[in-house]
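As they're listed, the protein sequences go chains A and B.
Each residue of the first sequence is one higher than the last, beginning at 1 in UniProt numbering.
Each residue of the second sequence is one higher than the last, beginning at 1 in UniProt numbering.
Source of the hints: derived by calculation from the structure; they are not laboratory data.
Any given hint could be a false lead.
What the hints assert, rightly or not - Quick list of in silico lysine-lysine cross-link-like pairs, DSBU-like style, CA-CA up to 35 Å: (1) K104(A) with K70(B); (2) K466(A) with K373(A); (3) K70(B) with K158(A); (4) K583(A) with K155(A); (5) K106(A) with K70(B).
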Amino acid sequence: MTLLHVAILSPFIFAILVPFLYKRFRNIHTGWFVLVLPILLFVYFVQFIDTTMNGDTISNTANWIPSLGINFTAYIDGLGLLFALLITGIGALVILYSIYYLSKEKEQLNTFYVYLLLFMGAMLGVVLSDNLIVLYTFWEFTSLSSFLLIGYWYKREKSRYGAQKSMLITIFGGLLMLGGFIMLYIMTNSFSIREIIEQVPEIAQHDLFVPALVLILFGAFTKSAQFPFYIWLPDAMEAPTPVSAYLHSATMVKAGIYLVARFSPVFSGEPEWFWIVSSFGIFTMFWGSFNAVKQTDLKGILAFSTVSQLGMIMSMLGVGSAALALDAIDDSYYTVATLAAVFHLINHATFKGSLFMVVGIIDHETGTRDIRKLGGLMSFMPITFTISIIGAFSMAGLPPFNGFLSKEMFFTSMIRVLDMDVFNLETLGILFPIIAWIGSIFTFIYSMVLVFKTFTGKYQPEKLEKKPHEAPIGMLISPIILASLVIIFFFFPNLLAYTIIEPAMASILPSLLGDENHFHVHISQWHGPNLELYMTIGVILLGTLGYYLLRKWRGIYRIVPEKLTLNKGYDAALYQLDKSSFKLTRFYMTGFIRDYLAYIFTFFIVILGTALVVKDGFSFSLAGTAPIGIYEAVLAIVMVIGTITVLFSKSRLTAIIALGSVGYSLSLFFVLFRAPDLALTQLCVETVSVALFLLCFYHLPEFKRKEKKLHFKLTNLLISLGVGTIVTLIALSANSQRVSDTISKYFIENSYTLAGGKNMVNVILVDFRGFDTLFEITVLGIASLGIYGMIRLHVKKEEEG
Amino acid sequence: MKTNDLIFQTVTKVVVFIIIIYSLHLFFSGHYTPGGGFIGGLMTASAIVLLLLAFDIKTVVNTLPIDYIKMTATGLLIALLTGIGSFFFDVPFLTHTFSYVDLPVLGKTSLATAVLFDLGVYLVVIGVTMTIIQTIGETE
Numbered sequence: 001m002t003l004l005h006v007a008i009l010s011p012f013i014f015a016i017l018v019p020f021l022y023k024r025f026r027n028i029h030t031g032w033f034v035l036v037l038p039i040l041l042f043v044y045f046v047q048f049i050d051t052t053m054n055g056d057t058i059s060n061t062a063n064w065i066p067s068l069g070i071n072f073t074a075y076i077d078g079l080g081l082l083f084a085l086l087i088t089g090i091g092a093l094v095i096l097y098s099i100y101y102l103s104k105e106k107e108q109l110n111t112f113y114v115y116l117l118l119f120m121g122a123m124l125g126v127v128l129s130d131n132l133i134v135l136y137t138f139w140e141f142t143s144l145s146s147f148l149l150i151g152y153w154y155k156r157e158k159s160r161y162g163a164q165k166s167m168l169i170t171i172f173g174g175l176l177m178l179g180g181f182i183m184l185y186i187m188t189n190s191f192s193i194r195e196i197i198e199q200v201p202e203i204a205q206h207d208l209f210v211p212a213l214v215l216i217l218f219g220a221f222t223k224s225a226q227f228p229f230y231i232w233l234p235d236a237m238e239a240p241t242p243v244s245a246y247l248h249s250a251t252m253v254k255a256g257i258y259l260v261a262r263f264s265p266v267f268s269g270e271p272e273w274f275w276i277v278s279s280f281g282i283f284t285m286f287w288g289s290f291n292a293v294k295q296t297d298l299k300g301i302l303a304f305s306t307v308s309q310l311g312m313i314m315s316m317l318g319v320g321s322a323a324l325a326l327d328a329i330d331d332s333y334y335t336v337a338t339l340a341a342v343f344h345l346i347n348h349a350t351f352k353g354s355l356f357m358v359v360g361i362i363d364h365e366t367g368t369r370d371i372r373k374l375g376g377l378m379s380f381m382p383i384t385f386t387i388s389i390i391g392a393f394s395m396a397g398l399p400p401f402n403g404f405l406s407k408e409m410f411f412t413s414m415i416r417v418l419d420m421d422v423f424n425l426e427t428l429g430i431l432f433p434i435i436a437w438i439g440s441i442f443t444f445i446y447s448m449v450l451v452f453k454t455f456t457g458k459y460q461p462e463k464l465e466k467k468p469h470e471a472p473i474g475m476l477i478s479p480i481i482l483a484s485l486v487i488i489f490f491f492f493p494n495l496l497a498y499t500i501i502e503p504a505m506a507s508i509l510p511s512l513l514g515d516e517n518h519f520h521v522h523i524s525q526w527h528g529p530n531l532e533l534y535m536t537i538g539v540i541l542l543g544t545l546g547y548y549l550l551r552k553w554r555g556i557y558r559i560v561p562e563k564l565t566l567n568k569g570y571d572a573a574l575y576q577l578d579k580s581s582f583k584l585t586r587f588y589m590t591g592f593i594r595d596y597l598a599y600i601f602t603f604f605i606v607i608l609g610t611a612l613v614v615k616d617g618f619s620f621s622l623a624g625t626a627p628i629g630i631y632e633a634v635l636a637i638v639m640v641i642g643t644i645t646v647l648f649s650k651s652r653l654t655a656i657i658a659l660g661s662v663g664y665s666l667s668l669f670f671v672l673f674r675a676p677d678l679a680l681t682q683l684c685v686e687t688v689s690v691a692l693f694l695l696c697f698y699h700l701p702e703f704k705r706k707e708k709k710l711h712f713k714l715t716n717l718l719i720s721l722g723v724g725t726i727v728t729l730i731a732l733s734a735n736s737q738r739v740s741d742t743i744s745k746y747f748i749e750n751s752y753t754l755a756g757g758k759n760m761v762n763v764i765l766v767d768f769r770g771f772d773t774l775f776e777i778t779v780l781g782i783a784s785l786g787i788y789g790m791i792r793l794h795v796k797k798e799e800e801g
Numbered sequence: 001m002k003t004n005d006l007i008f009q010t011v012t013k014v015v016v017f018i019i020i021i022y023s024l025h026l027f028f029s030g031h032y033t034p035g036g037g038f039i040g041g042l043m044t045a046s047a048i049v050l051l052l053l054a055f056d057i058k059t060v061v062n063t064l065p066i067d068y069i070k071m072t073a074t075g076l077l078i079a080l081l082t083g084i085g086s087f088f089f090d091v092p093f094l095t096h097t098f099s100y101v102d103l104p105v106l107g108k109t110s111l112a113t114a115v116l117f118d119l120g121v122y123l124v125v126i127g128v129t130m131t132i133i134q135t136i137g138e139t140e
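For reference, chain B alone in the conformation it holds in the complex (with noise of 0.2 Å):
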């Protein structure tokens, strides 16, 4: 069942963009207002929807090989290796910190640990959204 759906594919085009970069706005934000790795993963994941509703499921994997499950496991090993990493601070398991560094650009800017580990947390919810749903959809 192919409809013509020139239109719905090129705002799709430019649309997924903008998503996939409010995305990560919302993931980098997240420490301060609302947003973080949940909700950006969630949003960049809905973005490749978009792209799986409006192009075919082959055409999406052949632009964007990625392979989930991998992506999954990288985001899982970078939340755990940031918990693990404040062992060598001698401090408890997955205590974070932050300080405030001047960047050239963006001015005083805050760093904080936390935000690796909701890197993590970002990769796994892409991840996982994206196995599941492509694993369903790749079955005829």
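Excised from the complex, chain A in its bound form (with noise of 0.2 Å):
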């Protein structure tokens, strides 16, 4: 355990501590407290910035179950600093905004907070793991604490319709993840990312590398929102826009490109790889900016042009990974792909981050987001509308902001892939810079329709809640830090070139690196009349035609019927998917426990008397067994009388006191048997439980004696005759044979050396076999909750109906 770990964790920490700041402090605004959290870690991860310059790394490893391999190893290197800046860094200003955002009076703070650091740490987590379990831990983590965060305003039919989309889709991923690096586990012996990324030469022809990179893909894309899944993305805007400005832009959708980076020393050496990266990636960045043109909601074509830009990136990182796929191509060429990548990751985390907290200005002050209503806005809101061209503008690829060098770099490593030829497809490669360029057209004109259907353009305060005026500063601070940084790095790229690019390139392609080595990363604004300069001329001119021409080729998404669209697949899955499982649960679940404890007994006489057949398990032998007393035939026949008087007693409470005679001969076995411990957990357990049931009895529907035909009474009497013959089978052989040393010995000699204790069931309970008890304990817990609930709501119906 390290300050660096503290670190990740710290938002955990702080989540405890923030419904007691919110009960105290009820009239400061929760989010002051919260705010400094983030400040404090962006400030303590800076200064790792000069660590990752000079190509080091640091890794701290606590023991968490280290007999499984399974420890919290804390790495940082280029690519995990890269990330954990923008979480804090953007986390830090989107709490800023959220304060003024969200009112104190009206919304539960306490609780919107809490799932905001959850998020927070869960994302430092998943960026700064370098043990696959711990990364996948955090990386469900995000999914759930996003679940919690959309779902916010849980009250709203959409709200809870739009988180269960999510958790849905990246749950789903997540598990297929986990599979994937289940496989890397049986490969290579290790879930350390590290130790893998050493073994992938040995691993690369393995017959399970390529499940597992299909599988790790799974996870990544449902995460970052690629085709086909990123039909949760758009459902997850009903969440608080400070969420959807930090999740859906900045932080979660990206932790899917964190993967397929982190993951790129290890398969990018595989075609499929190169294959499926890049192609999912180029079709989701067309595909989202196409339907993000026709979105009449400010935070649709946000949320579109997030899933495109995501796309985007994906495909870089793609193209990016065909320099170690291929050997007979400088590498030089192709890992401007990579640093594409890398720069427009932050570039989008700058200009979109800004542009979500202006739709968020314009809904808070306007009381709606549907372009429809709004336009003529510029003159109210001036500040508001200059953030938002320069966010846009940058969104188009235009100069002087940021986006325009990346977009630049996007082109040119497009055109690369015209030169890849190994693959023998340079029929499909011409598609990739046409995809992309078709693409940047409709991101220009949605950038556009963004602006200036807001801005400019007819005002009509008819159709608006309130009087639209300029938002307060506390609102525009973060906006407007964002959007400085989106012009800073248009004339000052190299800044962050040499400090975070670099290092990140570096984890990304580590093995293009010979010691001591380091990429050299120069972007420059001008780089000549080429190719890619006047494709950006081709997508203004032609842009600019269609932002002009909309009404007229709008049609075109008529083509498509809405019936035919993956959301109604989604629906429609989901739909089935309910009504099978109910049909499927009501054709077993009857009501009646005599038939659950049916189903449960025969399943145990199937498996027990299967698994002792096949196993020839089976053995008879009285050697060394104690002989037996007085005292034990006069308990046995105790409780064999108990049983009976169970069956056959006509009132309820004969019927508990017998049971519980049977209990308690069973402690006073325990008891000969010198077993304190179990005698006097048998006897509390009998004397609470018959006390239940004393105390409960009545509520119990009447006791009556149904006469039933006799083929049920046969199962049952089939059914018991079996559990009986298996369970003393089973007692027999397990008694008479041996196959190891009985363990009671290491617990004879450890439990006091070791542990302390003189009491070895104790010290088995809360040392050796600890984690089983948490278990144990946390199941208990659920039971409890889960009776309360039942007995609770049940009774609250009866009342409300």
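Two chains, two frames, a set of hints: combine them into the complex.
Here is the structure:
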């Protein structure tokens, strides 16, 4: 446990404090307290830039479950640091913005900030973990916390729908990814990413290598909203705008990008990796931008735009991986794509973050986000207008904004695909620059729509809920900072190039570097009149034309009927799943506990019986058994009588007491066989459960003896005989054959020396097998909550109804 | 169906304390002699159950205004934090340690972190048992 671990976990620790702060300081916006943390973390992480710039990495391991190779290894390299800075930096700005966005009177601020902090911690964990299982844990934690954030306004139907959708899709991908991780473990016997990378040459030909690759990409694609999994992202826009700005543009959705970048050293030698990543990426880029144009909701436009931009970064990473896949071509030829990916990642966070915040401001100050109602806001909100011009022009890839630089490099890298003839698919290769170019035209159009439909044109006050005015200064600070970065990064791109981008590239493409080597990144604003520049000019010309003629060609969106969209497919699949599982459940959930018991016992007999037969496990020997004394015999008889009484008793009270007598006799058995702990436990359990029965038995439905048909009784008889036989057989054969030495010796020898306890049972419970106990009490807790919920909610319903 | 159970109630008042003290003894001595969090918890719970049987549920809830769900949560948290605490000493999750100290009255006593974990178990067991019994008992 080092300071670095504490830093990663600090959002979780801080999250515990938030509700108390909220309660204690009601008149101070909770966001002010929360704001401190990301700022501190940002400053903390900035210190590491020096280290990664020199090509060094930091790795601190805290043991978690070392016996399984699962350890919390905090690992900082260029890539991780870049993301950590994004998460904390954008996080700080978003929290500052949210302080003005969410009113402290109306909203449940404590839950909001707890979720946000959980998310921040989870995200830091994802990008700074070297161990796959730890990474996966944090990864699913991001899905969970984003589910909570999207559903923050849980009373709205759409919020719940969006939250569920995002969780179903991202967790589905996450589970597949876990499968991929486990395959990697099978191949390399290690969960450490760095160790896996070292073994890549040996495992590249393994049968599981490509399946692992595909499964891990599922995780990345679902998280980063790639085609066809992007459908959750637009619905996630139901979250409060600060959340959209943070999760759905700057951080969470980029976890998929991170994953692809992180695993590039492992997989990028494979052509499959290149093909899947770049082709899905480029198609998503086009599809997202194409669909963004038809949106009428400002956040909808931004959502699809995010989808598109993520696809763009993804495709660049894919093309960049060709640097490793191809030996024939000079390395530097494709590294430009990776460079562009990293650079655009940063740029996207800045301009998209500011745009989301701008949209939030418009929503906040006018009461709507519908572009059909907005217009002519320029004179009311000059500052907001300026920020959105900067953001949108950068998104469209125009100078003098940072988006221009990365967009040019994007074109460059797509053109480079043409030279890649080793796959013998030159004809397909030509599609890359063409799709990229068309996608960029649509990007240009929706960027213009976003700004000009909102701020210019006719002002329609009658359609707005509020009279628009400029946002309070606090709400403007964050977008202004981001917009300034957009411009600064254009004029001084190399500020980032040497400090952040080079180390990040070193993490993505480590094998291209020898010892003590660096990537030499130099980004220039002017790259001469080449094909890329002409493409950009084409984008501007056609884009402007497209924007003005939007009305004329909008009709193409109606060609694909609503029914055939992916969303409908998702809804239908969900509906079918719901329906068929309901049917299936109805089939076996009869509502009678005796049926359930019959299922359980039948399975019990079948599985254990088969195991006994297959393994030839039955043996019977009396050697080593203790003699049966008078006490044992008497107790056994009492138990048998008790059991029979339960079966034939006419009243429930008798049955309960008879059952109790069986339990007490059992505890006497424990006393006889010198197991005082078990005896005590059995005694207490019996007491409590008998009391519980006595307390509530008059709530139970009336005790009726129904005459059942004969075949029913026959099944019951068979089942009970079967269970009895199996249990007896197992008990006898377990006692007669010992495959290995008894483990009690170990506990006898070590419980005092290792755990300092003389009570072996207790030492086993709390120390040697403490993990079991932890889970057991968790299960107990959940069970009690279940009972509480079932009964209380039921009662409430009855009261209401 | 209220019967006159004065003797039962009077005896209960005394016995409950004896049971609870005994259960605490069981809990603390668990590491050396039979006992521990699980049994101690059950024993404490059974003391409260005895109260429930002697008096009606409202009286007991008023005398012992404990939110058992919160108690369960606290117990779980204690157990979990004991586990996490081991990270700070750079040892695997849930590693326990112990040492001996001389306390003024009790003399040489061993202090084991396992007892902290057991405290979590103890609270969870009471919390769970009482949550179940109370929710079932309170519904009419």
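How the hints compare with the structure:
1. A C-alpha spacing of about 27 Å is found between K104(A) and K70(B), which places the hinted pair at or below 35 Å, so the restraint holds.
2. Taking the CA atoms of K466(A) and K373(A), the gap is near 12 Å; set against the 35 Å cutoff, the hint holds.
3. The suggested pairing of K70(B) with K158(A) holds, with an alpha-carbon distance near 32 Å, which does not exceed 35 Å.
4. As the CA atoms of K583(A) and K155(A) are separated by approximately 29 Å, the hinted pair is consistent with the 35 Å bound.
5. Between K106(A) and K70(B) the alpha-carbon distance is near 27 Å, which keeps this suggested pair within the 35 Å criterion.
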